[in-house]
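> This is what each chain is made of:
Protein chains: 4
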Amino acid sequence: MMGSSDIELLKLRDRIRTFALDRDWDQFHTPKNLAMALVAEAGELIEPFQWLTAEQSKCLDSDQLSHVRDEVADVFIYLIRLADKLDIDLIESANKKIDANYKKYPVSESFGSAKKYTQK
Amino acid sequence: MMGSSDIELLKLRDRIRTFALDRDWDQFHTPKNLAMALVAEAGELIEPFQWLTAEQSKCLDSDQLSHVRDEVADVFIYLIRLADKLDIDLIESANKKIDANYKKYPVSESFGSAKKYTQK
Amino acid sequence: MMGSSDIELLKLRDRIRTFALDRDWDQFHTPKNLAMALVAEAGELIEPFQWLTAEQSKCLDSDQLSHVRDEVADVFIYLIRLADKLDIDLIESANKKIDANYKKYPVSESFGSAKKYTQK
Amino acid sequence: MMGSSDIELLKLRDRIRTFALDRDWDQFHTPKNLAMALVAEAGELIEPFQWLTAEQSKCLDSDQLSHVRDEVADVFIYLIRLADKLDIDLIESANKKIDANYKKYPVSESFGSAKKYTQK
Chain C
14 MMGSSDIELL KLRDRIRTFA LDRDWDQFHT PKNLAMALVA EAGELIEPFQ
64 WLTAEQSKCL DSDQLSHVRD EVADVFIYLI RLADKLDIDL IESANKKIDA
114 NYKKYPVSES FGSAKKYTQK
Chain G
14 MMGSSDIELL KLRDRIRTFA LDRDWDQFHT PKNLAMALVA EAGELIEPFQ
64 WLTAEQSKCL DSDQLSHVRD EVADVFIYLI RLADKLDIDL IESANKKIDA
114 NYKKYPVSES FGSAKKYTQK
Chain E
14 MMGSSDIELL KLRDRIRTFA LDRDWDQFHT PKNLAMALVA EAGELIEPFQ
64 WLTAEQSKCL DSDQLSHVRD EVADVFIYLI RLADKLDIDL IESANKKIDA
114 NYKKYPVSES FGSAKKYTQK
Chain F
14 MMGSSDIELL KLRDRIRTFA LDRDWDQFHT PKNLAMALVA EAGELIEPFQ
64 WLTAEQSKCL DSDQLSHVRD EVADVFIYLI RLADKLDIDL IESANKKIDA
114 NYKKYPVSES FGSAKKYTQK
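These protein sequences, in sequence, are chains C, G, E and F. Residue numbers for the first sequence follow the working numbering, so the first one is 14 and each next one is one higher. Residue numbers for the second sequence follow the working numbering, so the first one is 14 and each next one is one higher. Residue numbers for the third sequence follow the working numbering, so the first one is 14 and each next one is one higher. Residue numbers for the fourth sequence follow the working numbering, so the first one is 14 and each next one is one higher.
Fair warning: there could be bad hints in the mix.
Intra- or inter-copy, both count: the list cannot distinguish identical chains.
Said to hold, decoys possible - As a list, the in silico SDA-like pairs of lysine to any residue whose alpha-carbon atoms are at most 25 Å apart:
(1) K129 x W38
(2) K128 x L23
(3) K109 x S123
(4) K24 x D39
(5) K117 x E84
(6) K24 x Q77
(7) K117 x E68
(8) K128 x D112
(9) K109 x T66
(10) K98 x K110
(11) K24 x D76
(12) K116 x L73
(13) K110 x D76
(14) K24 x Q69
(15) K109 x S75
(16) K117 x C72
(17) K129 x I20
(18) K116 x K129
(19) K24 x T66
(20) K98 x S123
(21) K129 x P119
(22) K116 x E68
(23) K24 x A67
(24) K98 x W38
(25) K24 x Y118
(26) K24 x E68
For the record, the hints were derived by calculation from the structure and aren't laboratory data.
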């Protein structure tokens, strides 16, 4: 899934693999179910932010940050697991997407504007 | 955000930083907004799976896989960006969460069961 | 928001209005925040289904059903609230969407197929 | 699903039923899949709000409002469909939830505060 330089990501993928294997959870880890689990965790990640102002969301207290860190970790774990099951290289696919974004959002047209490229 | 061995993750974080900086997009990238963007992308990731059977979700054709790879990349990019803004170490937080999961889901109680630990 | 025949929906909208007003919560109920709250509840709604098979999801036990009913209610409440804030008529907008779906998915092309109309 | 006074909601439920039946789509409409479709639409609903300020989200232009209205309709349609499949009375379940919220969030403790009742 990942290139040879990403030792820590590879280790994480392997820890998650082993964890599921030891519990016989591969039967539950279809790509469909993992995508559901990921979006459920993303929903939990959004929850601590929903009533905060933009400014407040930049200055989380330690309890809030600890909560958010946990949810970020959950999303990351399911993302790694889903990518593993579908043989997707996370690093490579993100780099390709950024390459594509350079073409879709040239600085001259995007500076200071959050408009989606389809709306330009 | 990431330990020194994760060269590729660090490079990704820096590419995303530069991309936003060049477009003056930091003003939009509050943690609150990034969490929203992440969940919106997670919703797009789930969409290609919603009418598939469990089996079909394991055997995506190349168009479906390419679509899913793109959405996985989008979720990953916003996750890296959110973690960067909140100074969360993705690798470390995922490892800590897995450590915690070892305690919550001992093999003896979890083998072959998808029950949440609170339901046991 | 709703036509005169939908007494119960109107009553619900008014109960939710009063509840927020009494607590001085209108300040938090921007359309942006309500959309976030809605998706967070939708994430909670998906969670009880994520490891179930298609068949199991049709035969929830009473605990599961009670949980799902609660989450369905939460999504509905935020949907009514968001529609109220944006002056959207829920019934009318759903009927218009179904009208549009009749054109996008003619029976002759859609029978037994879950393909999105853009993929045809 | 709904009480006798909610003529328009009952009509909507029946239109959605007929639409699915005519296309032989009941095979896809398991509760699990409908929950996925609902959260995917909720993700689309959040997308137009993600880069807006709180104030901007209150003053959508007609294009934005039309977009949001469409996504609200999609969420509502899948919510009605899911409730129909699980024999959940939307109106009744929402009223029960509001009753429960009156107990969880007494005015004296909740006035002007968005804290979750578990955090008090």
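> When the structure is checked against the list of hints, which entries are broken? Sort them ascending.
2, 6, 7, 9, 11, 12, 14, 16, 17, 19, 22, 23 and 26
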